[in-house]
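Participant: In our numbering, the protein residues as written are 69 to 153.
Be a bit skeptical, because a hint or two may be false.
As the list claims (entries may be wrong) - Just the calculated beta-carbon pair ranges, DEER-fashion: (1) E116 with L75: 42 to 48 Å; (2) T77 with S114: 36 to 42 Å; (3) T149 with T77: 55 to 61 Å.
By construction, these hints were calculated from the structure, which means they are not laboratory data. Where a beta carbon is used, it is the ideal one built from N, C-alpha and C, also for glycine.
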Amino acid sequence: MNNIKQLFTVVTHTVFAALHPGASTAVGRSARTSEAGRHDDRGAVSLEQVLWFVAAGVSVAVIAAIVWNQIRDQANTPINTPSAP
């Protein structure tokens with residue numbers, strides 16, 4: 069890796085770590101860790117988040133099935149070959 073690319077990478081990581089509050093630092097600790105060692109953790113996933121995730125997955129599956137059925141129906145229709153005049 070040449071010096072310019074390495075410098076750009078270091079600057080990019082430094083700026084990202086400074087601007088993003090949840091970014092990890094070089095020592096492997098979260099930047100949001102307090103001095104007492106407590107992490108700013110939001111806890112486990114809630115039931116509402118799981119239900120939203122399942123609903124999104126079901127909606128994607130339904131839309132994919134509708135589109136796939138339309139493609140399959142279009143592919144199964146016979147092609148009308150033009151006749152010569």
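Participant: Range first: 36 to 42 Å. Now tell me if the beta carbons of T77 and S114 are that far apart.
Facilitator: Since T77 and S114 have Cβ atoms about 37 Å apart, the given range 36 to 42 Å holds.
Participant: Holds or violated: the 42 to 48 Å window for the beta-carbon distance between E116 and L75?
Facilitator: Check passed, 45 Å falls within 42 to 48 Å.
Participant: Look at the Cβ atoms of T149 and T77 and judge whether their distance stays inside 55 to 61 Å.
Facilitator: 59 Å, holds
Checked against the numbered hints above, the structure violates none of them.
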